[in-house]
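**Student:** The chain contents come next:
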Amino acid sequence: DTGVSQDPRHKITKRGQNVTFRCDPISEHNRLYWYRQTLGQGPEFLTYFQNEAQLEKSRLLSDRFSAERPKGSFSTLEIQRTEQGDSAMYLCASSFSPGTGGAGDNEQFFGPGTRLTVL
Amino acid sequence: EDQVTQSPEALRLQEGESSSLNCSYTVSGLRGLFWYRQDPGKGPEFLFTLYSAGEEKEKERLKATLTKKESFLHITAPKPEDSATYLCAAIRTGNQFYFGTGTSLTVIP
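Chains as they are written, first to last, in the numbering used here: chain A, 1 to 119; chain B, 120 to 228.
Treat each hint with caution, since some may be false.
[To be verified] Distance condition first, Cα-Cα at most 25 Å in a straight line; then the derived DSS-like pairs of lysine-lysine: (1) Lys-161(B) <-> Lys-187(B); (2) Lys-198(B) <-> Lys-178(B); (3) Lys-11(A) <-> Lys-57(A); (4) Lys-188(B) <-> Lys-198(B); (5) Lys-57(A) <-> Lys-161(B); (6) Lys-198(B) <-> Lys-11(A).
[As the list claims (entries may be wrong)] In silico contact screen, one side only, chain B against chain A (beta carbon under 10 Å); selected entries: (7) Gly-135; (8) Glu-136; (9) Ser-147; (10) Gly-148; (11) Phe-153; (12) Thr-184; (13) Phe-191; (14) Cys-207; (15) Gln-215; (16) Tyr-217.
[Said to hold, decoys possible] Derived Cβ-Cβ restraints for the label pairs, each shown as a range: (17) Pro-8(A) <-> Tyr-170(B): 20 to 28 Å; (18) Lys-187(B) <-> Glu-56(A): 30 to 38 Å; (19) Glu-120(B) <-> Asn-18(A): 46 to 54 Å; (20) Thr-38(A) <-> Thr-195(B): 42 to 50 Å; (21) Asn-18(A) <-> Gly-173(B): 21 to 29 Å.
By construction, these hints were calculated from the structure, which means they are not laboratory data.
From the three backbone atoms N, C-alpha and C, an ideal C-beta is built for every residue, glycine too.
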């Protein structure tokens, strides 16, 4: 399978615990995005990377959230001191940007998501 | 404030009954408008990208159009397998995506 993969698919944790999710993008994609989605809502942008550089973070992203993409390939999203409000589906997407801004630029391919439940 | 609004929230169609979904946006520096399909428990699946007003794209029974303020996803003669949530998203300068809340489409056989 050459699509975007995420691990784990489901995570149940107790309030106050730390959790880490992993995303493996499509191999030739240089951009990687993280989103959060709650029931009945569209995905909410969290952050994105171009190669290993984190270029933008949503102002909604609290300091309990941190993301890395150390070698420009896979990425991790860590949530520290989880709260019940963090319960959601966490989606990863990747895209290839040749930098021309033309057709094909920024078309994102999503993974299946990690569903987090904080008890 | 940058915003994407979709309507209706939910739509039930008889098989073969054509209709349109609406996506209105107020996004400064719009670079593109995207349509996705999302099935329950899965990540969104890319359908179309539109870059400029007047542009149209088609794929099977779906056709997306774009004006300066809104986009439409037209569904012609839908089938039950078209049942899903359809999301639109706008991207502005800085590569931040803004998604709407989606339209949940149910096609009844």
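**Student:** Does each hint fit the structure? Answer for all of them.
**Tutor:** Okay, the hints, checked on the actual structure:
1. Lys-161(B) <-> Lys-187(B): violated, 31 Å
2. Lys-198(B) <-> Lys-178(B): holds, 14 Å
3. Lys-11(A) <-> Lys-57(A): holds, 24 Å
4. Lys-188(B) <-> Lys-198(B): This hinted pair is violated, its Cα atoms lying about 29 Å apart.
5. Lys-57(A) <-> Lys-161(B): Between Lys-57(A) and Lys-161(B) the Cα gap is close to 24 Å, so the pair holds against 25 Å.
6. Lys-198(B) <-> Lys-11(A): violated, 35 Å
7. Gly-135: violated, 28 Å
8. Glu-136: violated, 24 Å
9. Ser-147: violated, 15 Å
10. Gly-148: Interface hint status for Gly-148(B): violated (12 Å vs cutoff 10 Å).
11. Phe-153: holds, 8 Å
12. Thr-184: Check failed: Cβ of Thr-184(B) comes no nearer than 16 Å to chain A, outside 10 Å.
13. Phe-191: violated, 17 Å
14. Cys-207: Because about 8 Å separates Cys-207(B) from the closest Cβ in chain A, which is inside the 10 Å limit, the hint holds.
15. Gln-215: Because about 5 Å separates Gln-215(B) from the closest Cβ in chain A, which is inside the 10 Å limit, the hint holds.
16. Tyr-217: holds, 7 Å
17. Pro-8(A) <-> Tyr-170(B): 20 to 28 Å: violated, 37 Å
18. Lys-187(B) <-> Glu-56(A): 30 to 38 Å: Violated, at about 25 Å.
19. Glu-120(B) <-> Asn-18(A): 46 to 54 Å: violated, 32 Å
20. Thr-38(A) <-> Thr-195(B): 42 to 50 Å: violated, 32 Å
21. Asn-18(A) <-> Gly-173(B): 21 to 29 Å: This hint is violated: roughly 49 Å between Cβ atoms.
Hint check: violations occur at hints 1, 4, 6, 7, 8, 9, 10, 12, 13, 17, 18, 19, 20, 21; the rest are consistent with the structure.
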